[in-house]
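My request is simple: use the sequences and hints to build the entire structure.
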Amino acid sequence: MPEITLPDGSRRSFAEPVSVSEVARDIGAGLARAALAGKVDGRLVDTDFVITDDCQLAIVTDR
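The opening position of the sequence shown corresponds to residue 0 in numbering that gives the first Met the number 0, with each subsequent residue numbered one higher.
Hints are computed from structural coordinates only; laboratory data are not their basis. Everything numeric in this text was worked out from a predicted model, so none of it was measured. Yeah, the Cβ is synthetic: ideal placement off N, Cα and C, and Gly gets one too. There could be a bad hint or two in this list.
[Stated by the list, open to error] Label pairs and their calculated CB-CB ranges: (1) 9 / 41: 17 to 27 Å; (2) 59 / 8: 15 to 25 Å; (3) 0 / 61: 26 to 36 Å; (4) 4 / 60: 12 to 22 Å; (5) 0 / 26: 15 to 25 Å; (6) 51 / 24: 12 to 22 Å; (7) 11 / 41: 10 to 20 Å; (8) 47 / 11: 16 to 26 Å; (9) 12 / 48: 10 to 20 Å; (10) 9 / 52: 14 to 24 Å.
This is the structure:
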């Protein structure tokens, strides 16, 4: 059950492993459309990357 910490300090918990794009969609439809990649614990990953453990996540957009 990964707990994801976002840049603003808020946290989101998921019952199962979740992709970066699914987290973006959970935050908002606009962010999901704008998402180009994610930074998981500082490492740049594709939006299809599946998060299985607690981490810090930043969604990367062109904005």
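For each hint, the structure was consulted:
1. At about 18 Å, the CB distance of residue 9 to residue 41 agrees with the hint of 17 to 27 Å.
2. Taken as a hint, the range 15 to 25 Å holds for the pair residue 59 and residue 8, whose Cβ atoms sit roughly 18 Å apart.
3. Between residue 0 and residue 61 the beta carbon distance is about 32 Å. The supplied range of 26 to 36 Å therefore holds.
4. Checked against the hint of 12 to 22 Å, the C-beta distance between residue 4 and residue 60 comes to roughly 18 Å, which is consistent with it.
5. For the pair residue 0 and residue 26, the supplied restraint of 15 to 25 Å holds, since their beta-carbon distance comes to about 18 Å.
6. Here the CB-CB span from residue 51 to residue 24 is close to 18 Å, well matched to the stated 12 to 22 Å.
7. Against the hinted window of 10 to 20 Å, the Cβ-Cβ separation of residue 11 and residue 41 comes to about 18 Å, which satisfies the hint.
8. Separated by about 18 Å at the C-beta atoms, residue 47 and residue 11 satisfy the suggested range of 16 to 26 Å.
9. Checked against the hint of 10 to 20 Å, the pair residue 12 and residue 48 passes, with Cβ atoms roughly 18 Å apart.
10. The hinted window of 14 to 24 Å between residue 9 and residue 52 holds, with their beta carbons roughly 18 Å apart.
In this structure, every one of the numbered hints holds.
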